[in-house]
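Assemble the complex: chain H is given as a structure, and chain A must be docked to it using the hints.
Protein chains in written order, with the numbering used here: chain H, 1 to 487; chain A, 1 to 336.
These are computed hints drawn from the structure, not numbers from a lab. There's no promise every hint is true.
[To be verified] Straight-line Cα separation of at most 35 Å, DSBU-like style, residue types lysine-lysine; simulated pairs:
1. H:K124 / A:K133
2. H:K138 / A:K135
3. A:K133 / H:K245
4. H:K345 / A:K135
5. H:K424 / H:K482
6. H:K345 / A:K133
7. A:K22 / H:K324
[Stated by the list, open to error] If you want the footprint, here are the derived chain A segments under chain H, 3+ residues with CB under 8 Å:
8. 198-204
9. 217-226
We put the beta carbon where it would ideally sit given N, CA and C, even for glycine.
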Amino acid sequence: MQAVDNVSFDLQRGEILALVGENGAGKSTLVQMLAGVQRPEAGEIYLEDEVVDFYSAYDALHAGISIVFQELSLIDGLSIAENIFANRQPVGRLNNIQWRQLYGKTRELLDRFDLELEPTTPVKRLSMGKHQILEILKAISTDPKILILDEPTSSLTEAEAVDLFENIRKLQNEGMSFIYITHKLGEVFELADRVMVMRDGKYVASQPVGEVTESDLVAMMVGREINDMFGATDYTAFSPEEYFKVEGFSRKGYFQDVTFGLQRGEILGLAGLIGAGRTEIARSIIGIDPKDSGNIWLEGCVIEIKNPQEAIDSGVAYLTEDRKGQGLFLDMSVLENLIAPVLRKFANRFGFLVRSAINENVEERIAAFDITTSSTNQKLFNLSGGNQQKCMIAMWMGIQPKVTIFDEPTRGVDVGARSDIYRKIRQLAKSGTGIIMISSELPELLGICDRILVIHNGQITGEVLRDEFSEELIMEYAAGIKNHTIH
Amino acid sequence: MDQDTEAIKIRTNSPNSGILDKFRQLAAFREFILLLVIIAFAIIMALSSPIFLTRLNIEAILLALSVEATIAVGMVILLISGGLDLSVGSTLAFVGVVTGLALTAGAGTVPSILIGLLAALGVGLINGSLVAKLKINPFITTLGTMITIRGLLLILAQGRAVLNLPKSFTVIGQGRLFGIQYPIFILLILVIGGDQLLRNSRFFRQSYYIGGNENAARLSGINVDLVKIFNYCLVAFLAGIAGLMITARFGSSSLTVGSGIELRVITACIIGGASLSGGEGSVLGAFLGALFMGMLANALNLLGVDVYYQSFITGLILILAVVFDVLNERRKASRK
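Chain H on its own, in the form it takes in the complex (with noise of 0.2 Å):
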């Protein structure tokens, strides 16, 4: 199968098209080639009428065409200007860099874009975001004629993400092209003047933003149509008295009184901007970061977590938001993956692992929640985005859990894996798991949730339930405007 395979489209001057498709669909193989990255083995560019050929990055920086990547490219100990001006940094007649200039253009830049940084502050004291945004500063700073965008707003909080569309508007009133990549539907009607959709490797479509649904879209881009995406929920799995309570959570600094219950069966979202406070509260209920007071029940008994192998041991699990950097062991097997928070469990009285019951019980496991790997001893590396996810589902199942968190359960997965992964989430609750669910996704919590708690500031702003769920009224509590604690 061919990456990328016979595809032909336009750019207009001042445009921005919108770049969609599942992963593995080829879209960041076609933008690497239109920025010299890799070479195409067939097929030509024109850029203003004229046939282009790369060699390089540098020569497609050259003709005018700039591409920021998902993958930051900073260097933690040097200043902004340093890294907006790598290795571009004027100079004078003995090679000595001129800092006076070097700082004055970086400030030209920074005020362009209303950002109140210094320029001689090192990139290590600033945010994910500050650092995402720094790198399209940089690209930007060789001013190109078309800008490619792989998923900009991955790791900026709301406010920023506002901020970056405002920016990239000024930009394009001034003529420049956006070639903007991303898995969040929303930002192609908010930003985009066009969008095309790519499917294994192949052009499926391009179509001006007012003329498709978001329905339209996942339907081209997974090759069918998904119908209930999120499924409903079986009210019978509820048990009437609470299952879970969460009471006086307080970590100073990171969150105060958080109090709330949970029953059996139910899926509770939190939400929240980046940084409220969700993931912090998570971590702090499993033991892996302190809390200052606070204490948990479950089935009507106060519990004591201390560490991540007590909140184990209570039926507790947490899968974190960080797959890849805190969730799985990459460079493992799925089996090894599989048996990680259960060691204890196949561990015969000597501490010695058994091997035929750890055998059976993954492959079982491996069935249950679809992983498609070719064997247990595939690598997890080697495995997408969407089986990794499901790899961590099935690897805290294992422990068979009263009460689940997921933090951001679908960052970074496909429309299609998705939908699996709902129905997961749909199918524990109705065994009689209590869920919480963290996420910044405001679709996704409306669609699959039954209670949603708001988090602002590290404090519950508000409690929605289904019937009066709204995208505006959750805002409101996530943004501080609203706050029903205090009526």
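Positioned in the frame of chain H, the structure of chain A alone reads:
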């Protein structure tokens, strides 16, 4: 992209019937390849030197590598968990001196040995705590203790080797069981036992997870700090055992013994398939790595090659092993 990306559903039993398939499976293991190399090497040597396969020579090889290989058992586990210990050479000499001083002070054989091993555990505990709790880089931590401990033993011994150790102690390094020297026995027990533990025991397996992804290991309920400290104590303890063996064999506590051994031990582990970034390796591999290096030294001796070539060739082999790994990984990646 080719067939390999085609996701195949898991097969419950994968009966690989052909001998070639079996061979391919085995060839994926570093230990197997290393074993083949060692056998081939032994055959060539047996043909070129009549002494090589004599019992005396084999014993000499094993005895010579017993010190390195004993430490390698602990070192490979530490490397797997993402750690590193440069202080093993100093610890080895330190234990020799402490035990020697205790013996000459009349503390009795068993108490003296215990005091020596406790000193080793002390070094391990310090290394482990600094690395696990204070998160100081292992290289820097153990470089520090390596220098400090070497200094400490010079202070303790007043710069003089401890001589004339009692027979009850030297028997550890000189005695024989079924006609085989004790150190060789101790080594074989450690290698077989250590390999089994690292393969199959829950506690030891945790090191692979920590080396693979420390954050994920923590979230999976593994007590990362405890395992790390344990591993530093283990390698220090084994360095202590090695120190006792070598001191007993020579009948005296040398102050310079063990200098540079840390790098030879790490080399053996890496030739045996361990990686400095953690998550990979096995005790058997580390032992075979040490065996290979020991055989090489022996062979060069027998063939009358200048001793200066030994280091040169060992270095070349280390580089070859690493290059082999990198190319192998690349080949696998390109098939994906």
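Now for the hints, and whether the structure bears them out:
1. H:K124 / A:K133: The given pair, whose Cα atoms are some 24 Å apart, holds under the 35 Å limit.
2. H:K138 / A:K135: holds, 34 Å
3. A:K133 / H:K245: Cα-Cα ~32 Å, so holds.
4. H:K345 / A:K135: holds, 30 Å
5. H:K424 / H:K482: Holds. H:K424 to H:K482 sits at ~34 Å (cutoff 35 Å).
6. H:K345 / A:K133: holds, 28 Å
7. A:K22 / H:K324: Holds, at roughly 33 Å.
8. 198-204: holds (count 4)
9. 217-226: Result for this restraint: holds, n = 7.
In the structure shown, no violation is registered for any of the earlier numbered hints.
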